[in-house]
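Asker: Chains as they are written, first to last, in the UniProt record's numbering: chain L, 1 to 155; chain D, 1 to 155.
Be careful, since some hints might not be right.
As the list makes no split between identical chains, a pair holds if one copy fits it or if it spans any two.
As the list claims (entries may be wrong) - List of simulated lysine-lysine pairs, DSBU-like, C-alpha gap at most 35 Å:
id: 1; residue 1: K41; residue 2: K69
id: 2; residue 1: K42; residue 2: K71
id: 3; residue 1: K42; residue 2: K123
id: 4; residue 1: K115; residue 2: K57
id: 5; residue 1: K115; residue 2: K71
id: 6; residue 1: K71; residue 2: K39
Read the hints as simulated data drawn from the structure, not as lab findings.
There are 2 protein chains.
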Amino acid sequence: MAYAIVREPIHTEELIQAVTHPDAGAINVFVGTVREMTKGKKTLYLEYAAYEQMAEKKLAQIGEEIQQKHKDARVAIHHRIGHLDISDIAVVIAVSTPHRDDAFTACRYAIERIKEIVPIWKKEIWEDGESWIGDQKEIVAYPAGKPEIGGGQVD
Amino acid sequence: MAYAIVREPIHTEELIQAVTHPDAGAINVFVGTVREMTKGKKTLYLEYAAYEQMAEKKLAQIGEEIQQKHKDARVAIHHRIGHLDISDIAVVIAVSTPHRDDAFTACRYAIERIKEIVPIWKKEIWEDGESWIGDQKEIVAYPAGKPEIGGGQVD
Numbered sequence: 001m002a003y004a005i006v007r008e009p010i011h012t013e014e015l016i017q018a019v020t021h022p023d024a025g026a027i028n029v030f031v032g033t034v035r036e037m038t039k040g041k042k043t044l045y046l047e048y049a050a051y052e053q054m055a056e057k058k059l060a061q062i063g064e065e066i067q068q069k070h071k072d073a074r075v076a077i078h079h080r081i082g083h084l085d086i087s088d089i090a091v092v093i094a095v096s097t098p099h100r101d102d103a104f105t106a107c108r109y110a111i112e113r114i115k116e117i118v119p120i121w122k123k124e125i126w127e128d129g130e131s132w133i134g135d136q137k138e139i140v141a142y143p144a145g146k147p148e149i150g151g152g153q154v155d
Numbered sequence: 001m002a003y004a005i006v007r008e009p010i011h012t013e014e015l016i017q018a019v020t021h022p023d024a025g026a027i028n029v030f031v032g033t034v035r036e037m038t039k040g041k042k043t044l045y046l047e048y049a050a051y052e053q054m055a056e057k058k059l060a061q062i063g064e065e066i067q068q069k070h071k072d073a074r075v076a077i078h079h080r081i082g083h084l085d086i087s088d089i090a091v092v093i094a095v096s097t098p099h100r101d102d103a104f105t106a107c108r109y110a111i112e113r114i115k116e117i118v119p120i121w122k123k124e125i126w127e128d129g130e131s132w133i134g135d136q137k138e139i140v141a142y143p144a145g146k147p148e149i150g151g152g153q154v155d
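Bound conformation, chain L alone (with noise of 0.2 Å):
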């Protein structure tokens, strides 16, 4: 599956493997990793959670995205929901294109979007709490908890 939220460790070799092409010079990929320290407090872990169907769809629709821009782009996304401890890979994006600067700025757009339309929001741990943030580009709270489908979070 070129885009997937899935629930398992992602192994970032697979999605290079799935983008690799005979016309193929560059590839960049962006790991996202869950970082221990935010505005001073210490995270002891997250939870992911997501509108599964909802989120693979966007996903694939940001990879025709990046298709329309750069048409010899090949793409995968996986996105992990669930438990992520410190240091564990929550995004793997890779994109192949002919020349680096394509796949540069194509995998740069890439998370931009999944921040912008991807229903996938996350519960941050703390040591003294924990509070859901709301989405992913932290502009909207969630005061309440969980969003609720229908909610504003998505384009």
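Take the given structure of chain L and dock chain D to it, following the hints.
Answerer: Here is chain D on its own, set in the frame of chain L:
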């Protein structure tokens, strides 16, 4: 070894592992692969050569340059030499930083610097001939073949 010239296949996940850290939330990885078609000409395979000891020093220098600009960055770079077939990985750069903007910027910087200052060159073998390509930016030609030590291809 964070910075290495190698003769065996490069395993991207080893480099990602080398830069993974609790302070890192983003890892950007550049993978350079052997492309079949270049300017309408079909490559059969490549031969990379290097002044190995100098090349490893220059890779380490690039890592230091990155850490001067992005103090929390961790960097690993492996470049393969010898015979490489189509789609084989020639170079992998992995850069981790707390936030993604720095990871993308630093990884892009690294590949440009590799092409500027690291004494690695390649021979392209086509169906009807072969040619040593000059410096990695392909600005300097080597009409006589392999460059001489002291030649102009490195700074």
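Asker: Take the hints in turn and mark each one as holding or not.
Answerer: Right, here's what the structure says about each hint:
1. K41 with K69: This pair counts as between: shortest inter-copy Cα distance 25 Å, intra-copy 39 Å.
2. K42 with K71: between (42 Å within a copy, 20 Å between copies)
3. K42 with K123: within (13 Å within a copy, 51 Å between copies)
4. K115 with K57: within (14 Å within a copy, 38 Å between copies)
5. K115 with K71: both (23 Å within a copy, 26 Å between copies)
6. K71 with K39: between (39 Å within a copy, 17 Å between copies)
When the structure is compared with the earlier hints, no violation turns up for any of them.
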